[in-house]
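Novice: Protein chains in written order, with the working numbering: chain U, 1 to 282; chain C, 1 to 269.
Source of the hints: derived by calculation from the structure; they are not laboratory data.
From the three backbone atoms N, C-alpha and C, an ideal C-beta is built for every residue, glycine too.
Certain hints may be false.
[To be verified] In silico DSS-like pairs for lysine-lysine, Cα to Cα no more than 30 Å straight-line:
no.	chain 1	residue 1	chain 2	residue 2
1	U	Lys84	C	Lys198
2	U	Lys103	C	Lys195
3	U	Lys161	C	Lys176
[What the hints assert, rightly or not] Looking from chain U toward chain C, a few residues come up when the C-beta cut is under 7 Å (computed):
no.	residue
4	Ala17
5	Ser83
6	Gly108
7	Asn111
8	Tyr124
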Amino acid sequence: MQIVFDNVNYIYSPGTAYERHALKNISFSIEKGEFIGLIGHTGSGKSTLIQHMNGLMKATSGHIYFNGADINAQDYKLKELRSKVGLVFQYPEHQLFETTVFKDVCFGPSNLGLDKLEIELRAYEALKMVGIGDDLLDASPFELSGGQKRRVAIAGVLAMKPEVLILDEPTAGLDPRGRDDILDQIKKLHEESDITIILVSHSMEDVAKYVDRIFVMNQGELIFNHTAKEVFSRISELEEIHLAAPQVTYVMKGLKDAGFSVPLDVTTVEEAKNVILKLLKT
Amino acid sequence: MIRDITIGQYYPANSILHRTDPRVKLVGTLMFIVSLFLFDTFYGYLMVTLFLASVIKMSKVPFRFIVRGLKAVIVLLLFTVTFNLFLTQGEILWQWGFLKITYEGLRLAGFMAIRLTFLILGSSLMTFTTTPNQLTDGLEKLLRPLNHIKVPVHEIAMMMSIALRFIPILLEETDKIMKAQMARGADFESGGILKRAKSLIPLLVPLFVSAFRRANDLAMAMEARCYRGGNGRTKMKPLKYSKNDYLAYTVLFLYIALVITIRILENHF
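Next comes chain U alone, as it looks inside the complex (with noise of 0.2 Å):
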């Protein structure tokens, strides 16, 4: 197990009137090489919950494990463990600066020590695994479009070779093929290399198609930690909290409702195109 949270609370501004419970209880393992979905709603704790990841944010109590050891130890390395588990934020404005594409994505590298060579390579390497040409390399990061200031941040997170991908909302404000893109290149960096990715967003749709396991969130609690055929087939659960499953399960409720024998646990087009014709054949 490669990450583990046992038993997680994270309380801000205690004592105060901004007192506020964002993380109750979590307990939750992930393997090495899984491709995990995180949903909720705004306020649901998800933010608050990865920052918890990379040590970025300290547990009011709980202990929280990375292969094997505790991260809040006293003379644990948090930034060895920030150069391992590699997070993403959801504005790509926070973090570019530097006068050209490629200085920026060598930031994270050269952080790490490494020599100008290793880090150049990892910085070309990152930058074509997320699919910026080399016509934009020397551009400023500045006048790029929303969707390849997202690619740009990715790779800049992705140049330190890290053991665990955490991306927040990867695909907010881009449009419909943006977010396809976006979402096709990491499914590919995980087929690709062993990393495990853990895919923040609040789109069902997205996080059904890529993701292995789907955690879902509600006012600071863990409420579902399941496959994403188990989670979207209970439907009703999931509208209890004003989440819905996507809609092609909703097209399979329909069918079922109307008398047709169709399973429940469809989540993606593909699969209903193949059920609803074989339901046409027979």
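The hints should help you fit chain C onto chain U, whose structure is shown.
Specialist: The following block gives chain C in isolation, referenced to the frame of chain U:
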């Protein structure tokens, strides 16, 4: 880390002080600051302490929260105390080489420390109990007479309210940027002065870019809603004094009169 800075923040609570007219609080803070520099003996000190303590009690803001604001100025405080302690001439109590502590120095340093602490506690109490909007409304109304001598009071108040509004936003932004860069292995805490100054570049560039973008967006949003300055502008909630506010003014005048009386009495006897 950066969220620990509580100076200038608003603390929501339901207290008499929160409901008091902002003009009263502005005038009151000013009077309190003046009173701080009037006393220099034990009784004056007692008077001011009692006043501050009762106002803090009334505000319903937790004392711990108020004191946290002092952390930000602790360096300034130590600096003042040290200088007053060692550099005041007078009756020598202790000497080592060129360093000496005098009775006068000890006294001055003590009073200076108390004054600065009270100054910060008192003025942060005003911002804790007054929203930035109320504060600028109050200021605008108080300074309105200056309009006659062509001082652009409304514009100044508007600038102040925008500046105040941006403090928490930029603090939060700084926090987020710091985290984003720390996630890329940035280190803001170790190394010498030069290295630390250099490590701020990845923080300052995105912060400035974002501040300019926000300023631009705000200007656009104001223009889109036909903002054109203070002429003929009315308020949704015009400020109006209530009975409590007049009472508060009376208490304030009594307080300042008392502090002045103590001062005069002490000088004469």
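Novice: Against the structure shown, which of the earlier numbered hints fail to hold, in ascending order?
Specialist: Result: hint 8 breaks, nothing else.
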